[in-house]
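Student: In order, the protein sequences belong to chains A and B.
Using the working numbering, you'd call the opening residue of the first sequence number 410 and step up by one each time.
Using the working numbering, you'd call the opening residue of the second sequence number 38 and step up by one each time.
Everything labelled a hint here was simulated from the structure, so no lab data went into it.
Be aware that one or more of the hints could be misleading.
[As the list claims (entries may be wrong)] Simulated restraints on C-beta separations:
#1 B:A272 - A:I498: 43 to 51 Å
#2 A:D486 - B:D278: 44 to 52 Å
#3 B:G346 - A:I498: 29 to 37 Å
#4 B:D245 - A:S464: 24 to 32 Å
Even glycine gets a Cβ: it sits at the ideal position worked out from N, Cα and C.
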Amino acid sequence: MVLSETRAATARVGQQPLVCVVDDDTAMLRALRLLIATSGFSVETYASAEQFLESPRSRTIACLVVDVHLGGVSGLDLHEGLARSGPSIPVDLHHRL
Amino acid sequence: MHRLGLLGDIFANALSRKQSETAVLESKALASTIFTSLYGHVAAVDRDGVIIAVNESWTRFARENGGDPARASVGTSYLQILRGAINRGDTDARRALEAVEAVLEGRARQAVLEYACPSGDGARWFEMAVEPFRRPQGGAIISHVDITQRRRAEEEARRQREELAHALRVTTMGELAGSLAHEINQPLAVIVTSAQAAQRLLDAGRPDRAELRGALTDIADQGKHAAQVIGRLRALFRKADSELQLLDVGELVTGMASLVRHDVERRGIAMTLDCPPRLPPVSGDSIQLQQVVLNLLVNACEAMSTVDGPRDLIVATRERAGLGIELTISDTGLGLKESELERIFEPFLTTKAAGLGMGLSISRSIIEAHGGRIWVTCNPDRGITAHVELPSGPGPGA
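Next up, chain B with everything else stripped away, as it sits in the complex (with noise of 0.2 Å):
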């Protein structure tokens, strides 16, 4: 009876090692399937770099490139193809290196990187991701996914987004035309005085050389002053590419004042600019960013083009500990319900009789393509405020 429960015992035994190396095998099988039925090109790497297995996918992909499917294939240092293309001056190589080496020393978790590869129907982009190999020995898992699709849908949503930008910037200067012919034809009005009065100097014999000097100074200034606001209207008519700088905002937001200026005071509104200098650079682009400016003074001043009292409209840049620098636009205008304040944000939901309500839609998509926010508050008395906050110092970009 003992014996017969013994060999029982060793049956079973036997049995369920049997079951369990069944299932080793099922798993084994279950993962070389999903390994080579993956859709991205992946590639598992020992401690050293060494390619030790790579599913169909990667040996395609070798192929279909021109390589020699043999040269990334099993047996070769994964490491040593990376240093061999940095040798050739392929710069996203050497950040491909700098992951697969931080992933296997231990040093990252997972690294991901974008990268670019000029192939025959323009460039292809990849996304390409390292994973530690999480068995005893070590290694990782690197895998490369043809992002190309992607990328293109980005980058068509990002020229549509500056095709309307333009169009409204367009729309808006439109609306300001004359405040923008007053802000060329004053300074022009104070050459042509200047001039004449030099000339009357001159006239009358023995001219008084300061005043002379004076009005020429006058003329040069002027003139100066003129080109400048054509400067600024050329850039903002202009329909350039996103271009990232290190910006002084409340320079950026002086200058978009003094194209309003004469559209305020038409209002009959008092402008306040309080914009200290010096404060921390933000990283943007600089058209953009005036059209959000522009779009924000423009509103401002229409709110309280119908109200009765003050109208005034405050503008204030400050420096923000750790979150860079922020904006605001103030006015006493008509104001909105608390319930309004983030629908304005929404395209085409505009209170304005002219307007297509797409204005702080694209304002939203700008600054929050620089890494900032826009948001409005309601003011205590009346009116409201627009807020603008942009963080300082190279950021993530437009």
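Next comes chain A alone, as it looks inside the complex (with noise of 0.2 Å):
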């Protein structure tokens, strides 16, 4: 599941670098994704690595942010095999606790 990207992003689409979420908790999902949408960025987000894997690609990743305590695939798990899999995206694990 995509959440909706919020209207401020919406607006400014466009060209802006396009940042990936990933974290389980839906209400930090929704911060993280006013906060960096009201930075400047495209933002895409996803309750699970799984989501983030099985989802196209229609643009290229700036930078991909992942909670490392995921359930499933975790946020490590997920680091490791984007970086086997070839080009490189900056990833931020954060790590809250």
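Please assemble the complex out of the two chains, which come individually in their own frames, going by the hints.
Tutor: Right, here's the structure in full:
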């Protein structure tokens, strides 16, 4: 499930770099989406690593923000998998305790 | 010869009458001795509740309690004495009156009640028993036995159990510290992030009101959520006297599951909650029951932390007709041998490297004090299931 982009983000979509966020906490996902969108990026959000991996890539991802503690495929697993699979995406593994 | 025989019969009759009179006297003496020597305070009343006999202990008791022994002695109506006490606002006297009347009127074969009696050195407790006077004229035998020592011993045992339960709660919470900190940190992180986003919206000028409102709503909701978690923790850390209330077991279980959620995820465990809303409430002490649930959840997680393969934790509550509510917590952990299923409830028995082995023992004493049952079964494939059964509605209490 890709949560709908914020209105501000939608309004400014154009050529802004794309930031993808993976976090299983929906409130956190909303907060990060708004924060990143208000900072001048396009945002796509995913509730799990699986959802992120399954979704089609329409654009180059400028940065991926991943919660370390994800159920199923963990943030670290995702990071390792991506690192092995080719073109590097800057990944911010964020860890809240 | 015939005459002689008749005389012999008469003589024999007289002799046997004499013997039976002696037997009656002896049996009366025996009964009287027993009556006098009884440790309890005993009175016999006739069918109208008028006292017809009291033992020494009864008279002494009346005197020691500052009462006038004459007022509670032979010839006075015990029912009137009780009615007088009821008029002075003594609620125990009302129960006593009901008990005596029920036995006198043949509505009850026996009546027993416990009551407190204020005295110089703290409350004393008595057990009052009313039995029918088994004779054609009817009546009842009323006895009061001092059970203060038994009550104090029970009270002491209960206090010690609560102390131990509290110590174990604090230990469990210590083990869960990481998970608990996360449960508070998570909403705080959302609050900070949402607030920063809201600031940027404002800084950008002409902010989108819906976006701003969404951020503020999240901030408020997450703040409440964090406060709830802290409230739950404070309750568990508190050393409170047992307090009965009607509880929704599903809600209680969901609350505890949220406290261990982070720990569950960290161990790669998939937790499924199946707690339908609006099951009949159970009467219980919420902190004690939360402790049992927390303990079972932690046990299940620890049993799975070293196994390969799926780690599934399934928590379910359901109504069992006529029995109340059943909570089941099943894991796919190391499991137990059949012979261990009952032994794990013994104190100081543990399969864990760390731990006192008191968790399940305390859990069982808590559940039994709630009039329920707790037991463990082996799953057909792997792991075990812990079952807790609690009577719904106002129960016997903790």
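Student: Can you list which hints this structure breaks, lowest number first?
Tutor: The structure conflicts with no hint, since it agrees with every one listed earlier.
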